[in-house]
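A.B. asks: What follows is each chain in one-letter form.
2 protein chains.
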Amino acid sequence: MIEVEVKARAPPGIEEKIAGLGGARTGAEVHLDLYFGSRSRNFAETDEALRIRIKEAGAFLTYKGPKLDPETKSRREVTVQVDDPHNLESILESLGFFRAAVVKKRRTKYSLGRATLCLDEVEGLGSFLEVELSGGEVWEEEKRAALEVLARLGISESIRKSYLELLAER
Amino acid sequence: MIEVEVKARAPPGIEEKIAGLGGARTGAEVHLDLYFGSRSRNFAETDEALRIRIKEAGAFLTYKGPKLDPETKSRREVTVQVDDPHNLESILESLGFFRAAVVKKRRTKYSLGRATLCLDEVEGLGSFLEVELSGGEVWEEEKRAALEVLARLGISESIRKSYLELLAER
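In order, the protein sequence lines correspond to chains A and B. Per our numbering: the first sequence = residues 1 to 170. Per our numbering: the second sequence = residues 1 to 170.
For the record, the hints were derived by calculation from the structure and aren't laboratory data. Glycine residues also receive a C-beta, built at the ideal position from the N, C-alpha and C atoms. Heads up, some of the hints might be wrong.
Just some of the chain B residues that point at chain A, by a computed CB distance under 8 Å [stated by the list, open to error]:
id	residue
1	Ser40
2	Asn42
3	Leu61
4	Gly65
5	Leu68
6	Val82
7	Asp83
8	Asn87
9	Leu88
10	Ser90
11	Ser94
12	Gly96
With the hints as extra help, turn the sequences into a complete structure.
C.D. replies: The structure is reproduced here in structure tokens:
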């Protein structure tokens with residue numbers, strides 16, 4: 001599945017702006033994200049990511065492929081739910097992966113048309129908004145829709161860096 | 001967890017012998033086992049294994065470490081259940097692993113004291129019996145108990161090779 005995604009720093013009053021566009025709050029989650037590196041491949045260079053996400057609904061393993069276009073942070077994403085994140089981490093470590101970083105955030109989700117908006121309070125980084133749509137083999141329309149949501153919220157500058165990269169830059 | 005395991009070719013009449021020792025049949029399963037290789041490590045040389053097992057109860061990812069002693073095929077084993085084996089295979093492939101072999105078998109399980117006996121009909125290989133006990137950091141007692149079960153069943157020769165290795169030798 002192609003995850004079409006744009007991200008930006010959240011300006012003040014963003015919740016009201018989302019509500020003003022008709023966005024509906026659909027839930028809130030706390031994420032503990034464990035990012036892994038590989039002893040045989042430099043994920044920062046290959047622009048890949050391997051993550052265990054632990055949240056109330058369960059634990060999930062996600063692989064993200066390299067970004068697919070220059071304007072957004074759209075990527076191929078594959079996820080499976082697992083019953084035990086500690087055993088999964090033990091398997092990953094045995095296979096040559098290592099815990100590279102931990103990102104903790106509080107995510108509030110909104111639904112707006114076909115888009116999902118995620119307002120993230122990231123520990124140590126501040127507030128961000130991600131606009132996500134799922135796309136097929138051709139995702140031009142989804143890309144346009146995601147960028148349009150940002151524009152309608154009065155946001156002109158998007159960020160292509162991951163929280164992981166932003167944390168590394170501090 | 002240390003999985004203490006001995007394996008042997010199953011002689012004729014093994015079911016009756018197991019019943020004669022007081023073994024109780026606890027169930028039967030069909031396993032489709034997908035074994036993976038790694039582009040960065042030769043699991044045959046490192047004596048490791050990475051497997052997705054698909055059975056009626058669900059899909060499971062298992063890592064097995066190198067064998068720990070010269071008499072049995074005891075190893076460190078770590079398993080997680082996953083909700084989607086196809087997505088898991090897609091993640092493994094993205095990370096540099098590839099499907100190396102498929103083993104299909106019908107397993108009948110018996111309980112005998114602290115041991116689990118697995119009578120396996122392996123497609124293309126024939127009938128085998130595995131005697132399994134779970135051990136802690138020291139597993140001498142479990143090893144002795146597993147070998148004793150084989151002896152009480154009149155089996156003198158055990159095999160340390162995996163089904164994967166046996167299939168590769170054909």
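A.B. asks: It remains to establish, for every hint, whether it holds in the given structure.
C.D. replies: Hints and how they fare:
| no. | hint | in the structure |
| --- | --- | --- |
| 1 | Ser40 | 4 Å, holds |
| 2 | Asn42 | 12 Å, violated |
| 3 | Leu61 | 6 Å, holds |
| 4 | Gly65 | 7 Å, holds |
| 5 | Leu68 | 14 Å, violated |
| 6 | Val82 | 5 Å, holds |
| 7 | Asp83 | 4 Å, holds |
| 8 | Asn87 | 5 Å, holds |
| 9 | Leu88 | 5 Å, holds |
| 10 | Ser90 | 5 Å, holds |
| 11 | Ser94 | 5 Å, holds |
| 12 | Gly96 | 7 Å, holds |
Hint compliance for this structure: hints 2 and 5 are broken, all remaining hints hold.
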